[in-house]
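**Q** Here the protein sequences come in this chain order: Y and L. Numbered per the working numbering, the first sequence spans residues 1 to 218. Numbered per the working numbering, the second sequence spans residues 1 to 218.
Just so you know, the hints here were simulated from the structure itself, not pulled from any lab data. Any given hint could be a false lead.
[To be verified] If the Cβ cut is set under 7 angstroms, some of the chain L residues that face chain Y in the computed set are:
{"#": "1", "residue": "Ile36"}
{"#": "2", "residue": "Ala160"}
{"#": "3", "residue": "Ala190"}
Quick reminder that beta carbons are idealized off the backbone N, C-alpha and C, glycines included.
Residues per chain, in single letters:
2 protein chains.
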Amino acid sequence: MDPEPRREQLLNAADRVVQREGPAASMNAIAAEAGITKPILYRHFGDRNGLIRALTERHTGGLLAAVRAALAEPLERRDRVEHVLDTYLAGIESRPQVYRLLTHPEPGDPSGAGNALAPALRQIAEEITRAVAGQVDLGADRELLAEVWGRAITGMVLAAGDWWLESRPCSRTRMVQALADLLWGRLAAAADLPTAALPAGPAPTPAPAAEFPDRPTG
Amino acid sequence: MDPEPRREQLLNAADRVVQREGPAASMNAIAAEAGITKPILYRHFGDRNGLIRALTERHTGGLLAAVRAALAEPLERRDRVEHVLDTYLAGIESRPQVYRLLTHPEPGDPSGAGNALAPALRQIAEEITRAVAGQVDLGADRELLAEVWGRAITGMVLAAGDWWLESRPCSRTRMVQALADLLWGRLAAAADLPTAALPAGPAPTPAPAAEFPDRPTG
DNA sequence: CCAGGGTGTTACCACCGGTAACATCGTCGG
DNA sequence: CCGACGATGTTACCGGTGGTAACACCCTGG
Numbered sequence: 001m002d003p004e005p006r007r008e009q010l011l012n013a014a015d016r017v018v019q020r021e022g023p024a025a026s027m028n029a030i031a032a033e034a035g036i037t038k039p040i041l042y043r044h045f046g047d048r049n050g051l052i053r054a055l056t057e058r059h060t061g062g063l064l065a066a067v068r069a070a071l072a073e074p075l076e077r078r079d080r081v082e083h084v085l086d087t088y089l090a091g092i093e094s095r096p097q098v099y100r101l102l103t104h105p106e107p108g109d110p111s112g113a114g115n116a117l118a119p120a121l122r123q124i125a126e127e128i129t130r131a132v133a134g135q136v137d138l139g140a141d142r143e144l145l146a147e148v149w150g151r152a153i154t155g156m157v158l159a160a161g162d163w164w165l166e167s168r169p170c171s172r173t174r175m176v177q178a179l180a181d182l183l184w185g186r187l188a189a190a191a192d193l194p195t196a197a198l199p200a201g202p203a204p205t206p207a208p209a210a211e212f213p214d215r216p217t218g
Numbered sequence: 001m002d003p004e005p006r007r008e009q010l011l012n013a014a015d016r017v018v019q020r021e022g023p024a025a026s027m028n029a030i031a032a033e034a035g036i037t038k039p040i041l042y043r044h045f046g047d048r049n050g051l052i053r054a055l056t057e058r059h060t061g062g063l064l065a066a067v068r069a070a071l072a073e074p075l076e077r078r079d080r081v082e083h084v085l086d087t088y089l090a091g092i093e094s095r096p097q098v099y100r101l102l103t104h105p106e107p108g109d110p111s112g113a114g115n116a117l118a119p120a121l122r123q124i125a126e127e128i129t130r131a132v133a134g135q136v137d138l139g140a141d142r143e144l145l146a147e148v149w150g151r152a153i154t155g156m157v158l159a160a161g162d163w164w165l166e167s168r169p170c171s172r173t174r175m176v177q178a179l180a181d182l183l184w185g186r187l188a189a190a191a192d193l194p195t196a197a198l199p200a201g202p203a204p205t206p207a208p209a210a211e212f213p214d215r216p217t218g
């Protein structure tokens with residue numbers, strides 16, 4: 001009647017081996033970890049992509065729900081933005097190895113486990129778009145700006161969070177402040193540094209000087 | 001003496017077949033396109049990653065140089081930011097299929113062509129970091145903020161540009177404006193929409209990042 | 001003349017994702 | 001009681017992949 005518990009069991013095994021061997025884990029290895037052989041996996045998940053998808057949906061579900069909830073929190077705008085940022089960072093911080101395997105497929109990874117996070121990110125971007133379009137007065141360009149900004153903010157926090165998680169240069173709250181400050185125009189508002197003439201850099205433009213080198217020869 | 005021309009020739013062939021068949025192109029196919037067989041490819045590039053790396057370095061080199069030049073342009077800050085954004089967008093716009101295959105490895109892609117763009121992006125992020133840290137007065141947090149923002153801005157324009165290139169919702173200049181507006185704090189400065197009236201009751205103390213509601217629902 | 005290095009080949013390996021065919025067990029309905 | 005059925009499991013296989021070994025062909029140059 002219910003194939004669910006078996007499925008869960010298999011997913012747990014897949015989870016274990018993927019976290020141990022990276023996303024390049026073979027179907028054979030996963031099957032072995034589950035104490036069975038390949039065809040059963042294929043019966044349950046169709047193909048390898050199905051397995052990976054099921055695995056990542058399980059992992060991203062919580063994060064997505066948390067971000068969605070944070071977006072709906074009734075706070076002043078800056079507080080809400082910080083709350084969303086903190087929620088996302090807390091999410092990836094709480095399961096770093098899962099996050100890493102979702103975002104950084106090791107070399108040798110067969111067939112798109114690196115895109116695994118993409119659907120969740122797309123959903124987050126859409127949530128942000130909806131929130132911005134529904135709550136902020138942006139004039140005639142409202143919809144376009146909301147769409148652009150949804151993607152832009154998602155990509156921003158993805159890249160920044162990724163780097164933060166790897167090198168841990170500061171606390172989470174500090175990171176939230178830094179990102180919120182960027183969104184609040186601090187880059188635009190800050191003064192120029194006095195030394196900001198143009199000599200900067202040890203290598204002042206190694207200068208291939210060519211804009212786009214077109215395809216060499218035809 | 002110079003294996004360079006042969007190498008270039010092989011890269012051209014690889015380029016052709018990859019653009020035709022996607023990043024999942026097999027070594028056999030590439031070799032066939034070049035009119036030769038596999039072992040020669042391996043002699044020249046070591047392994048598949050070596051080939052892909054050489055290919056993407058060739059493609060990203062121009063974009064990276066262009067962005068670097070744009071960053072060094074002696075303009076007012078907003079103009080410079082817009083110039084950099086426009087340069088990047090123009091770069092990916094000028095070779096959309098190349099960009100796509102670098103960023104969106106088709107399913108079935110063997111071993112990391114999706115990461116191919118990563119090194120170039122890291123370099124761009126470092127350039128931005130250097131530029132910000134060297135030219136903008138950000139007080140004591142200067143270095144940290146510059147590093148965070150470098151990654152954040154890179155990720156932002158990557159994600160936004162990716163979406164823009166796929167769905168083309170507006171002109172390039174409009175896109176540049178939208179992104180620059182975001183960086184200039186327009187999200188922060190805009191008024192609330194009238195319908196977004198807050199319940200205003202509870203004190204604005206953000207619940208500390210409601211941890212994961214494991215398993216969102218069913 | 002013949003040594004050496006680049007260019008090229010065929011043949012092969014281990015492994016991967018995926019499938020077909022067959023065996024086993026528990027549980028129902030007649 | 002028994003046969004049908006469905007889930008669970010197996011072995012054996014397929015085509016294709018990245019990667020390698022071994023050998024053959026020029027062409028140059030001391």
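**Q** The structure should be examined with respect to each hint, and the outcome stated for every one.
**A** Consistency of the hints with the structure:
At its closest, the beta carbon of Ile36/L sits 17 angstroms from a beta carbon of chain Y; the interface hint therefore is violated under the 7 angstroms criterion. Taking 7 angstroms as the C-beta cut-off, the interface hint given for Ala160/L holds, the closest approach to chain Y being about 4 angstroms. This hint holds: Ala190/L has a C-beta 5 angstroms from the nearest C-beta of chain Y, less than the 7 angstroms allowed.
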